[in-house]
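Novice: Those protein sequences? They're chains A and B, same order as listed.
Under the numbering used here, the first residue of the first sequence is numbered -3, with each subsequent residue one higher.
Under the numbering used here, the first residue of the second sequence is numbered 462, with each subsequent residue one higher.
No wet-lab data here; the hints were simulated from the structure.
Be aware that one or more of the hints could be misleading.
[As the list claims (entries may be wrong)] Straight line, CA to CA, 25 Å or less: simulated SDA-like cross-link-like pairs of lysine to any residue:
hint, chain 1, residue 1, chain 2, residue 2
1, A, K235, B, L531
2, B, K595, B, L577
3, A, K145, A, A128
4, A, K235, B, S503
5, B, K594, A, P223
6, A, K235, B, A528
7, A, K80, B, Q527
8, A, K145, A, R158
9, A, K203, B, E590
10, A, K161, A, G188
11, B, K595, A, L101
12, A, K203, B, L531
13, B, K495, A, G121
14, B, K595, A, P223
15, B, K594, A, P69
16, B, K495, B, A483
17, B, K495, A, S243
18, A, K235, B, A535
19, B, K595, B, A569
20, B, K495, A, W231
21, A, K203, B, L579
These numbers come from a predicted model, not from an experiment.
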Amino acid sequence: MIRRNFHPFSRPILRRFRLLPVLTLICAAGISAQTRAQTHAVASSDAASAPVKSLGNRNAPITMEVFSDYQCPSCGNFYENTLKYMIQDMVASGQVYFIHRDFPLPMHPYSYMAARWANAAAKIGKFEAVDAALWDNQQAWSADGNIEKFVAAAVAPADFKRMKKLMEGCEVNPNASAKPAAFKNNGQEDHGCALDTYIEQDKQLAKQIPVTQTPTSVITAKSQRYPAMPGFVTWPILKQFLTSLLSQ
Amino acid sequence: MSTGKRETWRRVFLFIGRLALAGMFLFAAYAKLKPQAALPWSLASVRTSLSMFAMQVDSYQLLSPQAVSLAAHALPFVELGLGLWLLSGLWLRYSTLATSVLLLGFFALMVRTYSLGLEINCGCFGPGEQLGKKSLLRDGSLLAFSLAVTICAFLSKRKRSESADSVRAAASEPQRAN
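My request is simple: use the sequences and hints to build the entire structure.
Specialist: Next comes the structure, spelled out in structure tokens:
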């Protein structure tokens, strides 16, 4: 009889903890959501906050910043043959926090526009998809400047609509029509596009390091910043270096 | 200039030259092996430095990843060995010749990379130095200097052999006359 009526929560002491599994589930869901927010570079609102052009866990032992130009062939090569593998491997496993920094070079006519699209995507939390689309189709849009087509294909129509709204006022291509008058007092370029602020911020950061060419990787591990590494590096060699940093 | 005086100058140049080349190679090895961030010297920090040097070698886009790793882990020790060899002054003709061959290889690689338009770090004396006209001029000058030291080492040896031969000949001539 006792056995038939037995229930884990029938005893007073256990009854106190009957909400424990529910709380655990809620906490786990919360942590998972937080982690997802960090790993997928989400800037969840269209608010004025800077877009997060990063992938992975913010608290990863290694932070890798890559200054890139979306139209630079070497940067495309670096993404396709190295960074893609790093994102799948060490970024996904929480060992590396990857940050994309814009460094559009004036010699590439569509790189600034591509960077604007990437920033718009980051603003709505779709950086990863658009970043991949830009690199994967670099040759195609570099030929005619039709970046929009590939961006639209990479995100849902509703997201694309939001991005288009963010891109309002960004119709003028600065690399095609940069004029000396297009500068603010602080030396940053101003082309009437709100997204340019973020690109110029990255360029200012590049000046401080200093970065002069693309791609340039800046790696920080255990609050130690290593010298900037310009140029293409293969994935096995980069992995060797990152692994050695983890074993420090 | 008399032959004796010229020989003295040659020896002085050879001495300074081999010391300069030794110092340069020892510094190059140190720059590649030293911890690249503010870390203490340890096996792990040296391994990290070598891995970082491997990234620089890799950016030349010439070798396979396996060959890059091997070259990057061996080169600083080769430079260290060569520096010590030059410093010791043993078999000077061969040590200076090896130095010139190595510098010629480096210079050819740098010229190739520069002509390809690759914008990378030189990696010659550790990270942070961009490959450009300045580094090409420096390495070209070093190669020319090394070649001069090598030629000097060979000439000096030939001179010594010649004078030894003439001494021997002079010693044997009175015997023959007798």
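Novice: Are the hints correct? Go through all of them and say.
Specialist: Here is what the structure says about each hint:
The straight-line distance between the Cα atoms of A:K235 and B:L531 is roughly 15 Å, inside the 25 Å bound, and the hint therefore holds. The straight-line distance between the Cα atoms of B:K595 and B:L577 is roughly 17 Å, inside the 25 Å bound, and the hint therefore holds. With a C-alpha separation of about 14 Å, the suggested pair A:K145 and A:A128 falls inside the 25 Å cut-off, and the hint holds. With a C-alpha separation of about 20 Å, the suggested pair A:K235 and B:S503 falls inside the 25 Å cut-off, and the hint holds.
Among the hinted pairs, B:K594 with A:P223 is consistent with the structure: their alpha-carbon atoms are about 21 Å apart, no more than 25 Å. Between A:K235 and B:A528 the CA atoms are separated by roughly 15 Å; this keeps the pair inside 25 Å, and the hint holds. Simply put, A:K80 and B:Q527 have alpha-carbon atoms about 20 Å apart, close enough for the 25 Å limit, and the pair holds. Only pairs whose Cα atoms come within 25 Å are accepted, and A:K145 paired with A:R158 is accepted, the gap being roughly 15 Å.
Annotation: proposed proximity of A:K203 to B:E590 holds, straight-line Cα distance about 16 Å (limit 25 Å). Distance restraint check for A:K161 and A:G188: the Cα-Cα separation of roughly 14 Å lies within the 25 Å cut-off, and the hinted pair is therefore satisfied. About 23 Å separates the Cα atoms of B:K595 and A:L101, which keeps this hinted pair within 25 Å; it holds. A hinted pair counts as satisfied when its Cα atoms are at most 25 Å apart, and A:K203 with B:L531 does not qualify at roughly 34 Å.
For the suggested pair B:K495 and A:G121, the alpha carbons sit about 41 Å apart, so the restraint of at most 25 Å is broken. A threshold of 25 Å between alpha carbons decides the hint, and for B:K595 with A:P223 the separation of about 20 Å falls inside it, so the pair holds. Our distance criterion of 25 Å between C-alpha atoms is met by B:K594 and A:P69, whose separation comes to about 23 Å. Taken as a hint, the B:K495 and B:A483 pair is honoured in the structure, with Cα atoms around 18 Å apart against an allowance of 25 Å.
This hinted pair checks out: B:K495 and A:S243 have alpha carbons roughly 17 Å apart, not beyond 25 Å. Among the hinted pairs, A:K235 with B:A535 is consistent with the structure: their alpha-carbon atoms are about 19 Å apart, no more than 25 Å. Between B:K595 and B:A569 the CA atoms are separated by roughly 15 Å; this keeps the pair inside 25 Å, and the hint holds. A C-alpha spacing of about 24 Å is found between B:K495 and A:W231, which places the hinted pair at or below 25 Å, so the restraint holds.
Proposed proximity of A:K203 and B:L579 is supported: the alpha carbons are some 20 Å apart, at most 25 Å.
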